[in-house]
Amino acid sequence: DVKVTQSSRYLVKRTGEKVFLECVQDMDHENMFWYRQDPGLGLRLIYFSYDVKMKEKGDIPEGYSVSREKKERFSLILESASTNQTSMYLCASSLWQEQYFGPGTRLTVT
Amino acid sequence: EDKVVQSPLSLVVHEGDTVTLNCSYEVTNFRSLLWYKQEKKAPTFLFMLTSSGIEKKSGRLSSILDKKELSSILNITATQTGDSAIYLCAVEARIQGAQKLVFGQGTRLTINP
Chain G
1 DVKVTQSSRY
11 LVKRTGEKVF
21 LECVQDMDHE
31 NMFWYRQDPG
41 LGLRLIYFSY
51 DVKMKEKGDI
61 PEGYSVSREK
71 KERFSLILES
81 ASTNQTSMYL
91 CASSLWQEQY
101 FGPGTRLTVT
Chain F
1 EDKVVQSPLS
11 LVVHEGDTVT
21 LNCSYEVTNF
31 RSLLWYKQEK
41 KAPTFLFMLT
51 SSGIEKKSGR
61 LSSILDKKEL
71 SSILNITATQ
81 TGDSAIYLCA
91 VEARIQGAQK
101 LVFGQGTRLT
111 INP
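For the record, the sequence lines run as chains G and F.
Numbering follows the working numbering, in which position 39 of the first sequence is assigned residue number 39; successive positions increment by one, without gaps.
Numbering follows the working numbering, in which position 97 of the second sequence is assigned residue number 97; successive positions increment by one, without gaps.
Just so you know, not all the hints are guaranteed correct.
Below, computed lysine-lysine pairings styled on DSSO-like, alpha-carbon distance capped at 27 Å [what the hints assert, rightly or not]:
{"no.": "1", "chain 1": "G", "residue 1": "55", "chain 2": "F", "residue 2": "67"}
{"no.": "2", "chain 1": "G", "residue 1": "18", "chain 2": "G", "residue 2": "70"}
{"no.": "3", "chain 1": "F", "residue 1": "40", "chain 2": "F", "residue 2": "57"}
{"no.": "4", "chain 1": "F", "residue 1": "56", "chain 2": "F", "residue 2": "67"}
{"no.": "5", "chain 1": "G", "residue 1": "55", "chain 2": "G", "residue 2": "71"}
{"no.": "6", "chain 1": "G", "residue 1": "55", "chain 2": "F", "residue 2": "3"}
{"no.": "7", "chain 1": "F", "residue 1": "67", "chain 2": "G", "residue 2": "3"}
{"no.": "8", "chain 1": "G", "residue 1": "70", "chain 2": "G", "residue 2": "55"}
{"no.": "9", "chain 1": "G", "residue 1": "70", "chain 2": "G", "residue 2": "57"}
{"no.": "10", "chain 1": "G", "residue 1": "18", "chain 2": "G", "residue 2": "57"}
{"no.": "11", "chain 1": "F", "residue 1": "67", "chain 2": "F", "residue 2": "41"}
{"no.": "12", "chain 1": "F", "residue 1": "40", "chain 2": "F", "residue 2": "56"}
{"no.": "13", "chain 1": "G", "residue 1": "57", "chain 2": "G", "residue 2": "13"}
{"no.": "14", "chain 1": "F", "residue 1": "3", "chain 2": "F", "residue 2": "67"}
{"no.": "15", "chain 1": "F", "residue 1": "37", "chain 2": "F", "residue 2": "56"}
{"no.": "16", "chain 1": "G", "residue 1": "71", "chain 2": "F", "residue 2": "41"}
{"no.": "17", "chain 1": "G", "residue 1": "3", "chain 2": "F", "residue 2": "41"}
{"no.": "18", "chain 1": "F", "residue 1": "41", "chain 2": "G", "residue 2": "13"}
{"no.": "19", "chain 1": "G", "residue 1": "55", "chain 2": "G", "residue 2": "13"}
{"no.": "20", "chain 1": "F", "residue 1": "40", "chain 2": "G", "residue 2": "13"}
{"no.": "21", "chain 1": "F", "residue 1": "68", "chain 2": "F", "residue 2": "3"}
{"no.": "22", "chain 1": "F", "residue 1": "67", "chain 2": "F", "residue 2": "37"}
{"no.": "23", "chain 1": "F", "residue 1": "3", "chain 2": "F", "residue 2": "57"}
{"no.": "24", "chain 1": "G", "residue 1": "70", "chain 2": "F", "residue 2": "41"}
{"no.": "25", "chain 1": "G", "residue 1": "57", "chain 2": "F", "residue 2": "68"}
{"no.": "26", "chain 1": "F", "residue 1": "57", "chain 2": "G", "residue 2": "57"}
{"no.": "27", "chain 1": "G", "residue 1": "71", "chain 2": "G", "residue 2": "53"}
{"no.": "28", "chain 1": "G", "residue 1": "3", "chain 2": "F", "residue 2": "57"}
{"no.": "29", "chain 1": "G", "residue 1": "3", "chain 2": "G", "residue 2": "57"}
{"no.": "30", "chain 1": "F", "residue 1": "67", "chain 2": "F", "residue 2": "57"}
{"no.": "31", "chain 1": "F", "residue 1": "68", "chain 2": "F", "residue 2": "37"}
{"no.": "32", "chain 1": "G", "residue 1": "18", "chain 2": "F", "residue 2": "41"}
{"no.": "33", "chain 1": "G", "residue 1": "55", "chain 2": "G", "residue 2": "18"}
{"no.": "34", "chain 1": "F", "residue 1": "68", "chain 2": "F", "residue 2": "56"}
{"no.": "35", "chain 1": "F", "residue 1": "68", "chain 2": "G", "residue 2": "3"}
{"no.": "36", "chain 1": "F", "residue 1": "37", "chain 2": "G", "residue 2": "3"}
{"no.": "37", "chain 1": "F", "residue 1": "56", "chain 2": "F", "residue 2": "41"}
{"no.": "38", "chain 1": "G", "residue 1": "18", "chain 2": "G", "residue 2": "71"}
{"no.": "39", "chain 1": "F", "residue 1": "56", "chain 2": "G", "residue 2": "57"}
{"no.": "40", "chain 1": "G", "residue 1": "53", "chain 2": "G", "residue 2": "70"}
Simulated from the structure, these hints should not be mistaken for lab results.
Only a predicted model underlies this, so the values are computations on that prediction, with no experimental measurement involved.
Using the sequences provided together with the hints, build the complete structure.
Next comes the structure, spelled out in structure tokens:
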């Protein structure tokens with residue numbers, strides 16, 4: 001079974017803090033993705049990566065950056081958290097079309 | 001801009017009813033359409049559709065793609081309370097050689113006993 005894990009299920013941070021969200025997959029997948037999920041908006045792609053050290057902007061990259069130093073790990077970084085980044089963050093990995101999702105991190109920025 | 005729209009956004013029915021969820025899309029370089037079910041945590045994969053008119057079935061769930069109408073439906077027959085979830089439709093596009101999924105807003109389905 002594919003396993004995608006995320007470092008935290010719940011996180012509360014203050015405005016202006018730097019936030020790291022970690023994602024690890026154990027299936028040697030090339031592609032990894034970060035989404036945020038908000039009510040009424042569905043899943044929106046923030047960044048994705050199709051290889052180590054490669055990254056591509058998704059639909060809403062502003063305010064975020066990513067790092068992929070190892071194939072199994074994809075990190076999402078909020079350089080200076082803001083209240084409008086309060087959301088559920090989902091990581092996913094894939095070899096082909098089907099994406100496998102982690103359990104999500106619910107981030108609250110106060 | 002690639003776009004996926006689902007309807008209805010929310011649906012409440014009684015156990016035993018049949019429901020139909022809709023997904024329409026506008027994407028360049030369409031490759032496939034996927035359906036996911038999301039209960040409390042991570043979305044889990046249901047179906048992937050690439051060809052028009054071929055129904056995919058899994059138990060009480062079935063789905064079909066219409067590439068002419070740029071749409072897909074997901075049917076659930078004899079619904080059960082365990083079918084309560086958010087159902088997500090996603091369309092695959094290819095950017096810079098990498099696969100990307102564009103998601104719809106989701107349909108929140110509630111099955112009452």
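Status of the hints after comparison with the structure:
1. Of the supplied pair hints, the one linking residue 55(G) and residue 67(F) is violated, its CA atoms being roughly 31 Å apart against a limit of 27 Å.
2. Distance check on the hinted pair: residue 18(G) and residue 70(G) sit about 21 Å apart at the alpha-carbon level, within 27 Å; holds.
3. For a cut-off of 27 Å, the pair hint linking residue 40(F) to residue 57(F) stands: about 24 Å separates their Cα positions.
4. Annotation: proposed proximity of residue 56(F) to residue 67(F) holds, straight-line Cα distance about 15 Å (limit 27 Å).
5. Between residue 55(G) and residue 71(G), the direct Cα distance comes to roughly 12 Å. Compliance with the 27 Å bound is thereby established for this hinted pair.
6. Distance restraint check for residue 55(G) and residue 3(F): the Cα-Cα separation of roughly 22 Å lies within the 27 Å cut-off, and the hinted pair is therefore satisfied.
7. Distance check on the hinted pair: residue 67(F) and residue 3(G) sit about 33 Å apart at the alpha-carbon level, beyond 27 Å; violated.
8. Between residue 70(G) and residue 55(G) the alpha-carbon distance is near 12 Å, which keeps this suggested pair within the 27 Å criterion.
9. For the hint linking residue 70(G) to residue 57(G), the alpha-carbon distance of about 19 Å falls within 27 Å, and the restraint holds.
10. Using a Cα cut-off of 27 Å, the hinted pair residue 18(G) and residue 57(G) holds, with the two alpha carbons roughly 20 Å apart.
11. Restraint check for residue 67(F) and residue 41(F): not satisfied, since their Cα atoms lie roughly 31 Å apart, outside the 27 Å limit.
12. For the proposed pair residue 40(F) and residue 56(F), the alpha carbon gap of about 25 Å is at most 27 Å, so the pair holds.
13. At roughly 24 Å between alpha-carbon atoms, residue 57(G) and residue 13(G) fall within 27 Å of each other, so this suggested pair holds.
14. For the suggested pair residue 3(F) and residue 67(F), the alpha carbons sit about 15 Å apart, so the restraint of at most 27 Å is met.
15. At roughly 15 Å between alpha-carbon atoms, residue 37(F) and residue 56(F) fall within 27 Å of each other, so this suggested pair holds.
16. Under the criterion of a C-alpha separation no larger than 27 Å, the hint pairing residue 71(G) with residue 41(F) is consistent with the structure, at around 24 Å.
17. Distance check on the hinted pair: residue 3(G) and residue 41(F) sit about 14 Å apart at the alpha-carbon level, within 27 Å; holds.
18. Distance check on the hinted pair: residue 41(F) and residue 13(G) sit about 21 Å apart at the alpha-carbon level, within 27 Å; holds.
19. At most 27 Å may separate the alpha-carbon atoms for a hinted pair to count; residue 55(G) and residue 13(G) meet this at roughly 26 Å.
20. For the suggested pair residue 40(F) and residue 13(G), the alpha carbons sit about 23 Å apart, so the restraint of at most 27 Å is met.
21. Restraint check for residue 68(F) and residue 3(F): satisfied, since their Cα atoms lie roughly 16 Å apart, inside the 27 Å limit.
22. Simply put, residue 67(F) and residue 37(F) have alpha-carbon atoms about 22 Å apart, close enough for the 27 Å limit, and the pair holds.
23. Only pairs whose Cα atoms come within 27 Å are accepted, and residue 3(F) paired with residue 57(F) is accepted, the gap being roughly 26 Å.
24. A hinted pair counts as satisfied when its Cα atoms are at most 27 Å apart, and residue 70(G) with residue 41(F) qualifies at roughly 26 Å.
25. For the given pair, residue 57(G) sits about 30 Å from residue 68(F) by alpha-carbon distance, which is inconsistent with the 27 Å threshold.
26. Between residue 57(F) and residue 57(G) the alpha-carbon distance is near 35 Å, which puts this suggested pair outside the 27 Å criterion.
27. Using a Cα cut-off of 27 Å, the hinted pair residue 71(G) and residue 53(G) holds, with the two alpha carbons roughly 9 Å apart.
28. A distance of roughly 25 Å separates the Cα atoms of residue 3(G) and residue 57(F); the hinted pair therefore holds under the 27 Å criterion.
29. Between the alpha carbons of residue 3(G) and residue 57(G) the distance comes to roughly 24 Å, so the proposed pair stays at or under 27 Å and holds.
30. For the given pair, residue 67(F) sits about 18 Å from residue 57(F) by alpha-carbon distance, which is consistent with the 27 Å threshold.
31. With a C-alpha separation of about 25 Å, the suggested pair residue 68(F) and residue 37(F) falls inside the 27 Å cut-off, and the hint holds.
32. Of the supplied pair hints, the one linking residue 18(G) and residue 41(F) holds, its CA atoms being roughly 25 Å apart against a limit of 27 Å.
33. A hinted pair counts as satisfied when its Cα atoms are at most 27 Å apart, and residue 55(G) with residue 18(G) qualifies at roughly 20 Å.
34. Between residue 68(F) and residue 56(F) the alpha-carbon distance is near 18 Å, which keeps this suggested pair within the 27 Å criterion.
35. Restraint check: the Cα-Cα separation between residue 68(F) and residue 3(G) comes to about 36 Å, which exceeds 27 Å; the hinted pair is violated.
36. In summary, the hint linking residue 37(F) to residue 3(G) is supported, as the alpha carbons are separated by about 17 Å, within the 27 Å threshold.
37. Among the hinted pairs, residue 56(F) with residue 41(F) is consistent with the structure: their alpha-carbon atoms are about 25 Å apart, no more than 27 Å.
38. Our distance criterion of 27 Å between C-alpha atoms is met by residue 18(G) and residue 71(G), whose separation comes to about 23 Å.
39. With a C-alpha separation of about 33 Å, the suggested pairing of residue 56(F) with residue 57(G) is violated against the 27 Å cut-off.
40. The suggested pairing of residue 53(G) with residue 70(G) holds, with an alpha-carbon distance near 8 Å, which does not exceed 27 Å.
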